[in-house]
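Protein chains in written order, with our numbering: chain S, 19 to 309; chain R, 4 to 364; chain V, 137 to 385.
Be a bit skeptical, because a hint or two may be false.
What the simulated footprint calls covered on chain V by chain S, stretch by stretch (three residues with Cβ under 8 Å from a Cβ of chain S suffice, anywhere in the stretch; the number is not a length) [as the list claims (entries may be wrong)]:
hint : region
1    : 195–209
2    : 235–247
Far from chain S by the CB rule (all over 12 Å, computed), these chain R residues [to be verified]:
hint : residue
3    : 56
4    : 173
5    : 177
6    : 336
Since the hints were made in silico from the structure, they are not lab data. The structure presented is a predicted model; accordingly, all values stated were derived computationally and were not measured. Positions of the beta carbon are idealized from the N, C-alpha and C atoms, including for glycine.
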Amino acid sequence: MTWANIVVQGTLLGGVYALLACGLSLMFGVMRIINLAHGDLAVVGAFLAWAVVDRWGVSPFVAMILILPVMLVLGYAIHRAFLDRSLRAGILVPLLATFGLSIAIQNLLLEVFSANVKSLGGNAGRITTASWQLAHGLTVSALGVLILVLAIVILGGLQLFLSRTSSGRRMRATAQDPDTASLVGINARDVYARATAIAVAVAGVAGVLVAIRGTIDPGAGPTQLIFAFEAVVIGGFGSLWGTLVGGIILGIAQVGGAHIDPQYSILAGHLVFLAVLVRPRARVALSRSFA
Amino acid sequence: MTAIPTTAGDEDAGPELPSDTWEVRRWSAASRWSLGPIALIAVALWLVPVFARISVVQKLTSLLILVVLAVMWNALAGYGGLVSVGQQAFIGLGAYGVIFLTQHHVAAYLAVVIAAVGCGLVSIPTSWLVLRLNVGGQFAIGTWVVAEVFALLVALDKSLGGGTGTSLTALRGYGPHRRQVDTYLVTLAVTFVVIAAVVVLLRTSLGDSLQAIRDDEGAAASVGVRVTRAKRTLFILAATGCGAGGALILANTLFIQPASIFGVQWTAYMIFMVLVGGLGTFEGPILGAIIFFYIQDRFANYGAWYLVGLGVTAIVFTLALPRGLWGAIESRFRVRLLPLGHEVRRRHREPGRATLAGEGR
Amino acid sequence: MTALSVEDLEAGYGLLHAVRDVTFRIEPGETVAIVGANGAGKSTLLRAVAGAHRPTRGRIVLDGRDVTGMPAHRRVGLGLSLVPEGRRLFPDLTVEENLLVGRVRGRQGAWDVWSVIEAFPIIERLLFQKARTLSGGEQQATAIGRALMANPSVLLIDEVSLGLAPVAVDGLYGSLGALTARGTSLLLVEQNLKRVQAFADRILCMLEGAVVLEGRSTNLTREQITGAYFGLRGSSPPPSTAAATGAPS
Chain S
19 MTWANIVVQG
29 TLLGGVYALL
39 ACGLSLMFGV
49 MRIINLAHGD
59 LAVVGAFLAW
69 AVVDRWGVSP
79 FVAMILILPV
89 MLVLGYAIHR
99 AFLDRSLRAG
109 ILVPLLATFG
119 LSIAIQNLLL
129 EVFSANVKSL
139 GGNAGRITTA
149 SWQLAHGLTV
159 SALGVLILVL
169 AIVILGGLQL
179 FLSRTSSGRR
189 MRATAQDPDT
199 ASLVGINARD
209 VYARATAIAV
219 AVAGVAGVLV
229 AIRGTIDPGA
239 GPTQLIFAFE
249 AVVIGGFGSL
259 WGTLVGGIIL
269 GIAQVGGAHI
279 DPQYSILAGH
289 LVFLAVLVRP
299 RARVALSRSF
309 A
Chain R
4 MTAIPTTAGD
14 EDAGPELPSD
24 TWEVRRWSAA
34 SRWSLGPIAL
44 IAVALWLVPV
54 FARISVVQKL
64 TSLLILVVLA
74 VMWNALAGYG
84 GLVSVGQQAF
94 IGLGAYGVIF
104 LTQHHVAAYL
114 AVVIAAVGCG
124 LVSIPTSWLV
134 LRLNVGGQFA
144 IGTWVVAEVF
154 ALLVALDKSL
164 GGGTGTSLTA
174 LRGYGPHRRQ
184 VDTYLVTLAV
194 TFVVIAAVVV
204 LLRTSLGDSL
214 QAIRDDEGAA
224 ASVGVRVTRA
234 KRTLFILAAT
244 GCGAGGALIL
254 ANTLFIQPAS
264 IFGVQWTAYM
274 IFMVLVGGLG
284 TFEGPILGAI
294 IFFYIQDRFA
304 NYGAWYLVGL
314 GVTAIVFTLA
324 LPRGLWGAIE
334 SRFRVRLLPL
344 GHEVRRRHRE
354 PGRATLAGEG
364 R
Chain V
137 MTALSVEDLE
147 AGYGLLHAVR
157 DVTFRIEPGE
167 TVAIVGANGA
177 GKSTLLRAVA
187 GAHRPTRGRI
197 VLDGRDVTGM
207 PAHRRVGLGL
217 SLVPEGRRLF
227 PDLTVEENLL
237 VGRVRGRQGA
247 WDVWSVIEAF
257 PIIERLLFQK
267 ARTLSGGEQQ
277 ATAIGRALMA
287 NPSVLLIDEV
297 SLGLAPVAVD
307 GLYGSLGALT
317 ARGTSLLLVE
327 QNLKRVQAFA
337 DRILCMLEGA
347 VVLEGRSTNL
357 TREQITGAYF
367 GLRGSSPPPS
377 TAAATGAPS
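Bound-form chain S, shown alone (with noise of 0.2 Å):
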């Protein structure tokens, strides 16, 4: 009983993996940078959430909805004002700026709110407690479930957008060919912009769940970026499905090594995504384009 346990509550687990590495995946896909201050955005989101809740006492899940009009604006600004002249400085100064804005949030939160750590798991009532009994020794809760189908939906969602919609499909194009997009009447700059406000956004929802489900401090960005990197590679970069894959192995990997010891459950995490990089395959799919 306690491996279907293990790969159930893995799998939960996995669901705020793969939102966190939703955005990753997206930024990466579209503009070919790892915005190392990704996880420091989730972070954000969870803390504007906190704030809201802490001043109108209103449910987590309601602020979640609140902020993320906030977290587009704020993804497409920083768009603008810095890493829209890092994409075109070549390929390492998007990986500095992204880090040196990763400090300056981490900081930044820490005086703003103290490095003491929060949770939104309080306010979010009964759904935090709640949990349905599978079978023998198998509960699942329905924190986690609600998490999950959240993540399906946002992926899902994301999916259709890039398929199906021109704004899409324009997305796509621009991240197969700039140069091309643009001489097709496409704002390359736009596109890209708006990719980074979804991906922050989508971060800021990641992060307010990871506040719910357990706490969060201003220091905790790198580790949700290592959780969110880790799943789009375990996945295979190039499909935001796989991202939901990646996530869901991750999960499993750490439940399974917090089972042995709780100490080993990160470490577990790590070992397997560092397997999967030996493995041949993997190299394939970490160069493949995003379609």
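Starting from the known structure of chain S, fit chains R and V onto it as the hints suggest.
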């Protein structure tokens, strides 16, 4: 120096020009001039403990460690194009290597050397992993994950002190004054070795290979440059240097914890120093280390705002001054202090005489 | 009003001048062909006109409007489209998606997916195939179709028939003829001098970045063109003679 013949002008193009030959020189006038001052500085640094207060010696030790780290990160990113966000893996490994070795009765300063070499050895299989990640950002996070793995593994080992940290007891026998001076001198020696290693490496064909790789990796590979081997050499060098740095940090501060010695803030410092000083230049990281040391000394009390400032400065520098302060100086005044560049000079050949006339860039 | 006017254009790569002091005009419905050896600057000229390459000097006026400083995507919105060298379709988009992506807001007109299929029938059965699977001729047709979706008033095509089978080129030129009949101006780069003389109204010959010969295709002899093409002394008249100003003979 090689002479490169040029073709003479068109036959009916007018009066005959003296045929020029070109040669390639590595020592510019500035680099020859600076040899003297550099030697003087080196000697002065050796003599510091004789003249200065012990607190100055301690600060200089910290500064020199920063120089080592900056030079190593620049070697990776500036010369190799490899942005590593995980060098703290080797900083921590070097420090804990010393702990491990001294627990097994190896002399402290010898342990520093062995630990550094050990980091170099560990970096070989590590490079097999991380050099597979070809796109820049993937390499960055890959190295970060490696650092996290090292940190977790060390924290799990109780004999190394676990998560709460350990101290370097092997140096307890020395008096604090003697210990600080010895640590300083060892650090100074390591700094010279590291800088010399980079200079030597860049003057060999590896330096040219790296330039080619930086310009266009595919084209470099197609003319026979062993791209992966060049990168691996850099990676091993940087790991050894950072390992030495970590070992010296331990010798200087005597107490470490996994969370801090394996922390990503070391990368933040290295990035800051190299970006501000000058990415891809030789003198840049040294300048950046000096600036960073001053800033840290002065502003660290401001807590998180100081780090926010660091982060914002890094962003501004990447966008406005991508080649850093030294890079700006270098392009403005066309100065290069060390014989690392290539200059093409024209040598006019008068009939019956061979003289060197003027500089041609 | 002149459809496109290029004045004193200079463009290059660092110290290399690829386009030197080029001036010409295109009237509505006119077809102008640019010929020249490789490296003569033809592609750079087209890219500079389209906005993909920043010129160091000169002006580009589209339909009376100065577009010199405008980014490429805005010029498309004003009616200037380029089919780049090598076709450059979006490889993982289907043919239909490639066409749809060429649509530009504010430029509705005669061209939509159906009329493009009518003009280039070979596309029809390929609509849902990924662009990377197409042959050269199919790609060229799709690329031109994609540019047409923006209903341009001036269409630039770089290397019309390069790498294509003669049969495919026949079909292409047939469709291009229908285009000009509707009033679209064409600026083509073409290596095939026979096609050029048969199809274009005027011909510009470029050599080492400058226009060395210009004239109505009916006025210029084959020898004149090939002479200018190869830069042979004595066989190309200087650009200032009457024959080159476009006056009908």
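| task | Of all the hints given earlier, name the ones this structure violates by number, lowest first. | result | none
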